[in-house]
Each structure stands twice: as C-alpha cells, then as structure tokens.
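Asks: Residue numbers (numbering that gives the first Met the number 0), protein chains in the order written: chain A, 0 to 354; chain B, 0 to 266.
In case anyone wonders, no lab produced these hints; they're calculated from the structure.
A few of these clues could be false.
To be verified - DSS-like cross-link-like pairs, simulated, lysine-lysine; straight-line CA separation at most 25 angstroms: (1) A:K354 with A:K168; (2) B:K112 with A:K168; (3) A:K275 with A:K35; (4) A:K168 with B:K218; (5) A:K152 with A:K246; (6) A:K168 with B:K56; (7) A:K35 with A:K168; (8) A:K85 with A:K275; (9) A:K354 with B:K112; (10) A:K354 with B:K78; (11) A:K116 with A:K57; (12) A:K152 with B:K127; (13) B:K261 with B:K127; (14) B:K112 with A:K246; (15) A:K354 with A:K80; (16) A:K275 with A:K246; (17) B:K112 with B:K261; (18) A:K57 with A:K246; (19) A:K57 with A:K168; (20) A:K62 with A:K116; (21) A:K80 with A:K62; (22) A:K246 with A:K80; (23) B:K56 with A:K354; (24) A:K85 with A:K335; (25) B:K127 with B:K112; (26) A:K335 with A:K62; (27) A:K152 with B:K112.
To be verified - Not the full set, but computed from the structure, chain A residues with beta-carbon under 8 angstroms of chain B: (28) T69; (29) G72; (30) D76; (31) T177; (32) T215; (33) Y217; (34) N218; (35) S221; (36) Q229; (37) E230; (38) E231; (39) A338; (40) E339.
In this text, a Cβ means the ideal position worked out from N, Cα and C, and glycines have one as well.
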Amino acid sequence: MKKSVIVLIALLLAVTPVFAQGAKESAAASDDMPYKGQTLTISMWGYNMDLLEKNIIKPFEEKYGVTVVTESGNNADRFTKMVARKANPLVDVALFAGSWSYKAMEEGIIQPYDPSKLTNLSAIMETAQDPLGGNYAIGYTIQHLGLFYRTDKVAPITSWRDLTRDDLKGVLSIPGITTTYGPMLIYMLSEAWAGDFDATDVGWEKIEEMAPALVTAYNSSSVLNTLVSQEEVYAAPYSSFAWGTIKGTGLPVESVIPEEGLVGSFSMISVAAGTKHEELAHLYIDHLLSYEVQLAEAMDLVDSPARTDITLPAEVAENLTYGEELISQLHFFDHKAMAEVQEEWIDRWNAIFSK
Amino acid sequence: MLLLGPGAMFLLLFFFSPLLFVLAESLRGAQGQVTLARYGEVLSDAQFRIVFVRTLKMALIVTPIAVIVAYPSAYLMTKVSAGKKSILMSLVILPLMTSPVARTYAWIVILGKYGIVNQTMGALGLFKEPARMMYTEGAIIVGLLQLFLPIMVLTLVSAMENVQEEVEEAALSLGSGRIGCFFRVIVPLSFDGLIMGVTLVFTGCITAYVTPAILGGAKVLTLATLMRQEALVLMNWEAATVIAVIMIATTLLLYNGLRLFKPRNLV
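Start from the sequences and build out the full structure, keeping to the hints where you can.
Replies: Okay, structure coming up:
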C-alpha cells in the first residue's frame, strides 16, 4: 500500500507541470512591442470560432506579439468557472450576455474598465458604452429577439398578441425562461396585452395560455434550428444571430417587426477582476471595438456592429441587427430588475410547465 | 492489496472526496452548523416533488423493460457459437461507441412530426395527423431505453456465462421444462448480474442529462436537468448538492433493497 501511494504521488508530481503550463511567460518584450510574449486569456463563446480567430484574435496577436488563449463555453458554464476560481483568477477578459454580465458584476468577477484607455469607446452607440453603470461592461455587439413565421403555413404575424392565435397552436416555440430572451418575452407579452411592460402578471397569463400547445420551449438556438428544419415549428421568437441558419433551411420564412417592436440586447465585454494583464485587456477591448474588427465581424455575419460609423451593403444588413428602422424599434430591459425576479420567475415557469 | 492501491487512491481522490464534499455541503447551515434544513426546503418544494416522481417513474418504466428485453437476448448469446456470439456482442457494443448526443439526435429524426414513425403510420393509414411524440415523457423513455439496453445485456451475458451448463442439463434431465429451467435455475444463478444491471440502468436513468434535455426539452424537467438549472442558472449550489445526494441515496436504496430479494438457498 505504502509503495503504491509513493508511485501515485510521483505520478501526480510528474503531471503537475502539464497543468501549470501557461504560468511562464517569456520576457522578450521590447520598446515597440511592450507586451510581447505575454498571454491573454479570454472567456468567450465558441460559436463561429474560426471567424473570431480570423477577424479578432489573429490580428491582435500579430499586432502586439502576444498569445491569446480562449476559454470557450456558454454563459453559465464560463460564469461558474470564473466564480470557482475567484480567489485565483485565470481569465483576463470576459464576454457575457447582458444578464450574465450583470450577475458577473454582482458576483465581483469583473472589474470596471478605464474609459481613458479605450480610444474607440466614443465611436459606439451611447447606450452600449456603459449599459450596467459603473463602467463594468461595454456592449460590443447588438442583437435582438426577432419573430418569424412560415409564409406557406400560417397567416402573417403583426403583433406579439398573435402568438396566442389558434393557427399557431402546436406549431409555436418560445425561448425558455433560463435563456437570455426568456424573461424579456414576458415583458413583450405584457406590453402587447396590457400596454405596459411592467404588467408582467398579464404576460405570465399568456405564457400559461400558450404553454400546453407549444411544441416545446427551447433552451438554445441550435434546438430552435432543429425544430425549424424538421418542420416542427412554423413560428417562433428567435435570437438574431440564429437568423442566418433559419433562413439557410431554404424554407419560406419571414421575419417581422411587430407593432409593439422587438427586444434588443447587447453582448458585453469586461475586464476580469484581478487580471494581471490590465493594460493588455484594455487593448483587446479597444481592438474589438475598432472599425476594422467591427466591419469584418459584420461582413462575416458574426456580430452586428455596436459602432455607429459602419456602413453595410443591403444583403449583409438584412441579416443583422442593423439600421435605423430596426434599431429604433428595439426595447432594452433592465438587467437588475430581471436578476431580482429571476428565481421567482423560474419557479413560476416550472410550475406552469409541470402541469 | 498492493494491486488495489492505484485504483483505490484514484477513487479516493476523484470520487469519494468530492462525494463527501457534496454530502457535507448539503448538510451545512448558514452559520456552518450541521442541519437538515436544506433537505427540508428542497423536499417541501412542490416542483421538486413533481420532478422527482417523474424521474423515478421513468426509471421504473425503463428498467423492467430493459430486463425483459435483455434477458432472452443475453441468454441466447451464451448459447450460440463463439463466432456468432462475437458478432452479436459487436452489435450490442456498437451503440455504446456512438456519442449519446448523436444517438439522441437520431430520435428527433425518428420521432419528429415528419419523422419515420409518423410517416410509416401515416402511410399505413393508422395516423390521420402526425402524432406529437417529441418533447414528451414517452420520448425520454424510448431514448433512455435505447441508451441503457446494451449495458443491461452486457451485464447479464457476463453473469450467465458463469452458470455452468451442467446445472442446466441436470435441471432438464430431472424433468424441468425449458421455461421452468430458465426462471428457476438460470435467473436465480445470474441474480447478482441482474442486480448489477438493474442498478446501472436505474442509476443511468435517474442521472441522465443529455437524453432528457434533448428529447424532453424545457417542458419535461427531470432531476438532472433540474439540478443543472439550480447549479448553473440560479447559482443555487446548496439546492443542487441536496438534489445530488437525493439521487445517490435513491440508487443506493434500490441497490441494497434488491439484494434483500436475492435467493438465499443459492451460493
């Protein structure tokens, strides 16, 4: 037994350097490249990673002579990892959806950015510059919750009220309450039926009315894509970044701007709390907000620009959250208010769907 | 004893320690005292009870079906020639080599509105309109059965291989029929394998995440999907640890409960 313990300890010691990789950084910095050899760790989504590498990461690495390491995953997984490593942070820059950025701020895993270090900050929409207050996050890309329907199967949708229509029973899906847009749908339904975003009891009544006849409530855009391509769903509110895939099914789908408008949101970028590369983290954020990067991302249909000076060709623009007509119709909701009711709303949702 | 060392150390470090940590966490009160308060909170929650009963119900449906389907197949596999057995074993193992995600997605194509089942039933005139099968408890049950059936078959095959052929021949020569021999000789002698198979399948059903998440969607929550929601969406790790302990306790209870039924007159 004793020997085996020794063998195991020796094995553990042998593999330790594997886990400790990355702690070392070469010190080959020079005056023109002061950060050369450093490693910047970004917590981000892995969706479209090849394009993100091409448009953002590679140019940044080449410009500053640094290495960018990514920790990819969905909001919840990455958030949990950062909270678990709070005492000994590994991440330098964190990208989250709005509500998760708010939670990250509350949890203390992101820190305020220094506006004086961001030359591109003034070039983005004013509402995106400090959406959480306290300079904790920047909305680097704008998105929206759209609404689409199958033109060959159901009558045109013109209002959020249409979601309770009889012809949509059995062919409608909505985002689940734990998704970014789930709670915002309740606000939109409240506005549509009661003329007041905050009359959420009305929104909840409508959820209860719709629930039995929903195909399902989807928890990720990839599930919605499957539902659309399998022709299970003829109408649904959708995250704007999934529109390309939905259209790509080749089915006759049309997105609409209902009379009550649509829901808007920002994906946000922040400096991670306790980063050892604060300067470099700011440079990365500034790089992401630069004209070149925002244009490249838009042209590849990855992210809609938060910058106001980007002009896009019509065929690109129609697939993004872009243009005065669309953006003026977007409603943005308070993340603090949503975080406060989250637990109660999830319980309420589970109660409705358990019936 | 020495040979047990590495395995035991690994389990101690990466299984028992986290398990103890989860157990301790579930019993820790707000002031650090030992309390059952969190269990009280979770167990008194109507939502939890609905999800718990649903998960248990699905496991209690899937496990007996797996036993009924797997026993004859496993028995046959111990009776055929070595060549045929190896082909049959490969067929059983093949699904285990496919990712559970891919296997589960295949059910969307099969059970979907315009899937194979609906198309066939429609062509035969049995369904006037496509039936809704996806995102129901039924879909999860079918998915879980497919996922865990190979495990049941493999466990039973290895248990029945240990039953000496002479014992079976003796029973037959003493006047027992084939069916009687199967139930009165083969089943009792392979009971340990049955307990193991039932425990593995039942545990699998209680803890499965991918299959209920894809085939049940957000409409049909199970213990595993509820635990994820508590841990990763609500950051309510306290409730998640309680759910985890309840899952473990349920399977331990089943395992030890089944052992009580083991025929005592057999070695």
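Asks: Run every hint past the structure and note whether it holds.
Replies: Hint-by-hint comparison with the structure:
no.: 1; hint: A:K354 with A:K168; verdict: 17 angstroms, holds
no.: 2; hint: B:K112 with A:K168; verdict: 14 angstroms, holds
no.: 3; hint: A:K275 with A:K35; verdict: 15 angstroms, holds
no.: 4; hint: A:K168 with B:K218; verdict: 15 angstroms, holds
no.: 5; hint: A:K152 with A:K246; verdict: 16 angstroms, holds
no.: 6; hint: A:K168 with B:K56; verdict: 29 angstroms, violated
no.: 7; hint: A:K35 with A:K168; verdict: 59 angstroms, violated
no.: 8; hint: A:K85 with A:K275; verdict: 13 angstroms, holds
no.: 9; hint: A:K354 with B:K112; verdict: 23 angstroms, holds
no.: 10; hint: A:K354 with B:K78; verdict: 48 angstroms, violated
no.: 11; hint: A:K116 with A:K57; verdict: 22 angstroms, holds
no.: 12; hint: A:K152 with B:K127; verdict: 18 angstroms, holds
no.: 13; hint: B:K261 with B:K127; verdict: 49 angstroms, violated
no.: 14; hint: B:K112 with A:K246; verdict: 20 angstroms, holds
no.: 15; hint: A:K354 with A:K80; verdict: 34 angstroms, violated
no.: 16; hint: A:K275 with A:K246; verdict: 43 angstroms, violated
no.: 17; hint: B:K112 with B:K261; verdict: 45 angstroms, violated
no.: 18; hint: A:K57 with A:K246; verdict: 30 angstroms, violated
no.: 19; hint: A:K57 with A:K168; verdict: 47 angstroms, violated
no.: 20; hint: A:K62 with A:K116; verdict: 17 angstroms, holds
no.: 21; hint: A:K80 with A:K62; verdict: 29 angstroms, violated
no.: 22; hint: A:K246 with A:K80; verdict: 35 angstroms, violated
no.: 23; hint: B:K56 with A:K354; verdict: 16 angstroms, holds
no.: 24; hint: A:K85 with A:K335; verdict: 22 angstroms, holds
no.: 25; hint: B:K127 with B:K112; verdict: 12 angstroms, holds
no.: 26; hint: A:K335 with A:K62; verdict: 37 angstroms, violated
no.: 27; hint: A:K152 with B:K112; verdict: 15 angstroms, holds
no.: 28; hint: T69; verdict: 20 angstroms, violated
no.: 29; hint: G72; verdict: 11 angstroms, violated
no.: 30; hint: D76; verdict: 7 angstroms, holds
no.: 31; hint: T177; verdict: 5 angstroms, holds
no.: 32; hint: T215; verdict: 4 angstroms, holds
no.: 33; hint: Y217; verdict: 7 angstroms, holds
no.: 34; hint: N218; verdict: 5 angstroms, holds
no.: 35; hint: S221; verdict: 10 angstroms, violated
no.: 36; hint: Q229; verdict: 5 angstroms, holds
no.: 37; hint: E230; verdict: 6 angstroms, holds
no.: 38; hint: E231; verdict: 5 angstroms, holds
no.: 39; hint: A338; verdict: 11 angstroms, violated
no.: 40; hint: E339; verdict: 13 angstroms, violated
Consistency with the previously given hints fails for numbers 6, 7, 10, 13, 15, 16, 17, 18, 19, 21, 22, 26, 28, 29, 35, 39, 40, ordered from lowest to highest.
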